[in-house]
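S.K.: Chains as they are written, first to last, in our numbering: chain A, 1 to 230; chain B, 1 to 236.
Calculated directly from the structure, the hints in this document are not laboratory data.
C-beta atoms are modelled at their ideal positions from N, C-alpha and C, and glycine is treated no differently.
All the given hints hold, so there is nothing to weed out.
Lysine to any residue pairs mimicking SDA-like chemistry, simulated, CA-CA at most 20 angstroms apart: (1) 73/B with 129/A; (2) 146/A with 140/B; (3) 95/B with 134/A; (4) 73/B with 45/B; (5) 4/B with 194/B; (6) 93/B with 125/A; (7) 157/A with 169/A; (8) 93/B with 131/A; (9) 95/B with 133/A; (10) 146/A with 126/B; (11) 19/A with 201/A; (12) 146/A with 139/B; (13) 73/B with 134/A; (14) 93/B with 80/B; (15) 146/A with 127/B; (16) 73/B with 133/A; (17) 95/B with 129/A; (18) 134/B with 170/A; (19) 146/A with 123/B; (20) 73/B with 130/A; (21) 146/A with 141/B; (22) 93/B with 130/A; (23) 93/B with 127/A; (24) 157/A with 170/A; (25) 157/A with 210/A; (26) 93/B with 134/A; (27) 146/A with 143/B; (28) 95/B with 128/A; (29) 134/B with 174/A.
Far from chain A, by Cβ distances over 12 angstroms, these chain B residues were calculated: (30) 8; (31) 17; (32) 165; (33) 196; (34) 198; (35) 219.
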Amino acid sequence: MTTVTNMATGWSRQDIARKIAADIPDGAFVNLGIGMPESVVNHIPQGREVIFHTENGLLGMGPAPPAGEEDPELINAGKRHVTAITGASFFHHADSFAMIRGGHIDICVLGAMQVSQTGDLANWSMGEADAAPAVGGAMDLVAGAKQIFVATQHCTKSGKPKLVESITLPATGLAVVSRVYTNMAILDIRNGAFELVELAPDVDLQTLQDNTGATIIVPVHAETGKAASL
Amino acid sequence: MIHKLYDSAASAVADIFDGATVLIGGFGEAGSPIELIHALIDQGARELTVVNNNTGSGHVGLAALIENRRVAKMICSFPRTANSTVFPDLYSKNKIELELVPQGTLAERIRAGGAGIPAFYTATSVGTQLAEGKEHRQFNGREYVLEHGLTADFALIKCRSADRLGNVIYNKTARNFSPVMATAAQTTIVQADEYVPEGKLEPEAIVTPAIYVDRIVAVSTPLQESELVAAGVQYP
Numbered sequence: 001m002t003t004v005t006n007m008a009t010g011w012s013r014q015d016i017a018r019k020i021a022a023d024i025p026d027g028a029f030v031n032l033g034i035g036m037p038e039s040v041v042n043h044i045p046q047g048r049e050v051i052f053h054t055e056n057g058l059l060g061m062g063p064a065p066p067a068g069e070e071d072p073e074l075i076n077a078g079k080r081h082v083t084a085i086t087g088a089s090f091f092h093h094a095d096s097f098a099m100i101r102g103g104h105i106d107i108c109v110l111g112a113m114q115v116s117q118t119g120d121l122a123n124w125s126m127g128e129a130d131a132a133p134a135v136g137g138a139m140d141l142v143a144g145a146k147q148i149f150v151a152t153q154h155c156t157k158s159g160k161p162k163l164v165e166s167i168t169l170p171a172t173g174l175a176v177v178s179r180v181y182t183n184m185a186i187l188d189i190r191n192g193a194f195e196l197v198e199l200a201p202d203v204d205l206q207t208l209q210d211n212t213g214a215t216i217i218v219p220v221h222a223e224t225g226k227a228a229s230l
Numbered sequence: 001m002i003h004k005l006y007d008s009a010a011s012a013v014a015d016i017f018d019g020a021t022v023l024i025g026g027f028g029e030a031g032s033p034i035e036l037i038h039a040l041i042d043q044g045a046r047e048l049t050v051v052n053n054n055t056g057s058g059h060v061g062l063a064a065l066i067e068n069r070r071v072a073k074m075i076c077s078f079p080r081t082a083n084s085t086v087f088p089d090l091y092s093k094n095k096i097e098l099e100l101v102p103q104g105t106l107a108e109r110i111r112a113g114g115a116g117i118p119a120f121y122t123a124t125s126v127g128t129q130l131a132e133g134k135e136h137r138q139f140n141g142r143e144y145v146l147e148h149g150l151t152a153d154f155a156l157i158k159c160r161s162a163d164r165l166g167n168v169i170y171n172k173t174a175r176n177f178s179p180v181m182a183t184a185a186q187t188t189i190v191q192a193d194e195y196v197p198e199g200k201l202e203p204e205a206i207v208t209p210a211i212y213v214d215r216i217v218a219v220s221t222p223l224q225e226s227e228l229v230a231a232g233v234q235y236p
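With the hints as extra help, turn the sequences into a complete structure.
M.R.: This is how it looks when you write it as C-alpha cells:
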C-alpha cells in the first residue's frame, strides 16, 4: 500500500544538514553547492576543523556576516554574502577549479533533481528547450571532488521520486554520487543500488520504498530499529 | 616610458570594434568593471561575443550591454541569476546565441588561451550533453573530452590597485576570472579603484604582472551593481 508523503515527512532541512555535517571528518576540505547544502556550514560539530572552499575563489569561507557588514566583493558561489575565516586565502578561478578538477577537494555536497541507483546525477537542467540552460560549476565538481554527497528532498514538489533506477533528465555526471541524504533516509550508492544507511525516525521502510523509484537494499546490519524490525 | 594610464573609460574602450570578442571579468557583481561596460555601451560597438560567467542583472552593466543589443553571443556557465531577466528573455525569443561552458572548463579554456595552449583534455562534462560532438580520449582508463583554449580581442577587468607599469592586485572574491582573462586578450583594459606609482605594490603579492595589462583607467569610487539594481536604474 502506498503511503502518501510530503516534504514535512522525516528530517527537516536543518536535520539533513546536521546529518551531513556529522559525516565530514576533521581536517576535510569541503565544497558546498547552492541551496540546501549551504546550511551544512552551520552544523559542523564543535572541535572539528573543516575548511570550506567556494569555487569563486575563496578557501576558508566563513558564515554570513552580520546585517550591515556585507561586502559586495566577498561572496560565495551562490552570490550570497559570506565572510573569510582567519587563515583564509583568495585565488583566481582557474586556480580554484584546479583544486576541484585536480582532486584536492575531499567532499562536495550538491543538490539534485534526480539521482540514479548507479550514482548518476541530474541537477542542472530540466531539459526545457526555450529556457536558458545554466550549469555553473556542477559538472566540474562531480568530475573532480573525491566524494560527492547529495542533499535533497526525497521527492519532487509534485511527489515524484527523485531517487530512480535511471535518470531521465540531462546528466551532470555519471556514476559520481556516493551518498544521498534526504528527509526520509540516508542511502549509500553501492554495487549499483541504493543501500539503506539510516531511516528518519518517523519513516518506515515501506514508506521509503514506496517513495523511491528503485529497489532499496537493506543490509542485515542496518542499525535503525524500524528497518531491522521489518 | 611606459604610459598605460588613460584619462577616461571612454578613451580606453574607443577602439573596440564591431564583432570583437570581449572577456569581461566578474562573478555576479563582484569584480564587474561596470564603468568600462557602460563606456562600451556609449561607444556603440555591436555584434560582440562576450565571455563572462553570468549575463548581468537588472538593467545596468553587462545586462544593459545585452539589452542594448550589442551582444550577438554569450559564452558563459550560468546565464541565470537573481534579477537576471534580459538575457533569458532574448534567449527564449532566439535573439541571442549562447555557448554554455562548465565553469571550470571556462576558466581553464581562458587560462590555456592565455598560455598558448590550443586545447586540453578534461573529465568535466564527460557523459553529458555538453560533451556531445567533442573529441574523446582515454588516459589511464578514464574518459576525457577535448576542450579548446579561448582567446579574445579585448579584456575588461576591475581591480583594487594598479601601478604605473600595469601590475595589478584584486579585492577578495572580486578577483575571480580577471587574472586569467588578463592573459588571454590582445588588449587588456583595467579599471582600478586605485592607481599607484610602481614600487607601491609588494612584488610578492602582485597577482597580475604588468606584461598582461595594456591600459589603465582610474575609477576611485566605482558604481555598485546591486545598488543600481535595487534603485531600478536603467543604463543608459
